[in-house]
Amino acid sequence: GAGVSQSPRYKVAKRGQDVALRCDPISGHVSLFWYQQALGQGPEFLTYFQNEAQLDKSGLPSDRFFAERPEGSVSTLKIQRTQQEDSAVYLCASSLGNRLTGTEAFFGQGTRLTVV
Amino acid sequence: AQSVAQPEDQVNVAEGNPLTVKCTYSVSGNPYLFWYVQYPNRGLQFLLKYITGDNLVKGSYGFEAEFNKSQTSFHLKKPSALVSDSALYFCAVRDPRGASKLTFGTGTRLQVTL
Chain A
360 GAGVSQSPRY KVAKRGQDVA LRCDPISGHV SLFWYQQALG QGPEFLTYFQ
410 NEAQLDKSGL PSDRFFAERP EGSVSTLKIQ RTQQEDSAVY LCASSLGNRL
460 TGTEAFFGQG TRLTVV
Chain B
7 AQSVAQPEDQ VNVAEGNPLT VKCTYSVSGN PYLFWYVQYP NRGLQFLLKY
57 ITGDNLVKGS YGFEAEFNKS QTSFHLKKPS ALVSDSALYF CAVRDPRGAS
107 KLTFGTGTRL QVTL
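Line by line, the protein sequences give chains A and B.
Taking the numbering used here, the leading residue of the first sequence gets 360, the next gets one more, and so forth.
Taking the numbering used here, the leading residue of the second sequence gets 7, the next gets one more, and so forth.
Hints were generated in silico from the structure; no laboratory data involved.
Remember, predicted model here, so these are calculated numbers, not experimental data.
A portion of the hints provided could be inaccurate.
To list a few chain A residues with every Cβ distance to chain B over 12 Å, as calculated [unchecked claim]:
1. 375
2. 420
3. 430
4. 443
Derived Cβ-Cβ restraints for the label pairs, each shown as a range [unchecked claim]:
5. 422(A) / 20(B): 23 to 33 Å
6. 377(A) / 75(B): 44 to 54 Å
7. 377(A) / 120(B): 42 to 52 Å
8. 433(A) / 120(B): 42 to 52 Å
9. 90(B) / 364(A): 24 to 34 Å
10. 456(A) / 64(B): 13 to 23 Å
11. 120(B) / 416(A): 41 to 51 Å
12. 103(B) / 442(A): 27 to 37 Å
13. 442(A) / 20(B): 36 to 46 Å
14. 70(B) / 399(A): 21 to 31 Å
15. 9(B) / 456(A): 21 to 31 Å
16. 13(B) / 410(A): 32 to 42 Å
17. 20(B) / 369(A): 21 to 31 Å
Positions of the beta carbon are idealized from the N, C-alpha and C atoms, including for glycine.
Sequences are here, hints too, so could you generate the full structure?
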């Protein structure tokens with residue numbers, strides 16, 4: 360597709376359940392980002408990949424959060440033992456250049472996670 | 007550390023009037039600056055960016071922004087607002103010397119009325 364695709368669009372999880380969120384970036388984009396957006400807030404950085412390498416995971420809130428991009432394309436964000444405070448929209452973005460360039464990031468529509 | 011401030015939670019403008027959405031930033035070196043717009047239940051859409059060069063940058067849908075280094079500002083402007091411009095606007099900054107991430111402001115809701 361032409362844009363960043365995320366699935367599922369909506370996910371309801373019971374507290375304690377594990378979830379996996381998928382991101383298909385724009386083809387050929389080197390950089391991939393995950394952000395968390397709470398209601399009424401700006402996106403907060405979670406992690407960054409350059410190709411398959413996870414170069415920055417400083418924003419992951421706990422060791423329950425794990426992300427991977429094994430072949431440098433599709434990425435998965437996994438949250439183990441979900442808690443209510445994990446409820447948010449999870450945004451994926453990709454950009455053509457690496458982290459040293461000024462290329463803009465293109466965002467997917469996000470996955471809205473609700474933990475009940 | 008890098009940060010962005012958007013001092014206005016909401017901006018109200020009548021259609022046809024000029025609009026300004028304010029943004030100030032803090033970063034150690036020369037910044038990369040971005041504006042994004044978010045419509046309900048949609049992802050963020052890129053509007054424009056400042057990397058280097060001319061302080062006035064033009065972007066999508068008639069929007070422009072002016073980089074002011076002395077005031078550390080990057081205000082978003084449009085000469086004539088449309089009702090369809092009503093949305094949530096986010097300013098973002100990145101330190102090109104090494105930070106991977108974009109740091110976003112808290113957003114400003116723009117309401118354009120007839």
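Results of checking the hints against the structure:
Non-interface call for residue 375(A) relative to chain B: holds, since the shortest CB-CB distance, roughly 28 Å, exceeds 12 Å. Every Cβ of chain B is farther than 12 Å from the Cβ of residue 420(A); the closest lies at roughly 14 Å, confirming the non-interface assignment. Annotated as non-interface, residue 430(A) keeps its C-beta farther than 12 Å from every C-beta of chain B; the closest such distance is 20 Å. Chain B leaves residue 443(A) outside its interface by the beta-carbon criterion, the shortest separation being 22 Å against a cut-off of 12 Å.
Distance hint check: the CB atoms of residue 422(A) and residue 20(B) are about 51 Å apart, inconsistent with the given range 23 to 33 Å. Hint check: residue 377(A) to residue 75(B), Cβ distance near 47 Å, so the stated range 44 to 54 Å holds. Range check, residue 377(A) to residue 120(B): about 49 Å between beta-carbon atoms, so the 42 to 52 Å window is met. Distance hint check for residue 433(A) and residue 120(B): the Cβ-Cβ separation is about 45 Å, which falls inside the suggested range of 42 to 52 Å.
Between residue 90(B) and residue 364(A) the Cβ separation comes to about 25 Å, which falls inside the hinted range of 24 to 34 Å. Between residue 456(A) and residue 64(B) the beta carbons are some 21 Å apart, a value that agrees with the proposed interval 13 to 23 Å. Evaluation of the 41 to 51 Å hint for residue 120(B) and residue 416(A) yields a pass: the beta carbon distance comes to about 47 Å. As the Cβ distance of residue 103(B) to residue 442(A) is approximately 35 Å, the hint placing it in 27 to 37 Å holds.
Between residue 442(A) and residue 20(B) the beta carbon distance is about 45 Å. The supplied range of 36 to 46 Å therefore holds. A C-beta distance of roughly 27 Å is found between residue 70(B) and residue 399(A), which places it inside the suggested range of 21 to 31 Å. Between residue 9(B) and residue 456(A) the Cβ separation comes to about 23 Å, which falls inside the hinted range of 21 to 31 Å. As the Cβ distance of residue 13(B) to residue 410(A) is approximately 38 Å, the hint placing it in 32 to 42 Å holds.
Look at residue 20(B) against residue 369(A): about 36 Å separates their beta carbons, and that is not inside 21 to 31 Å.
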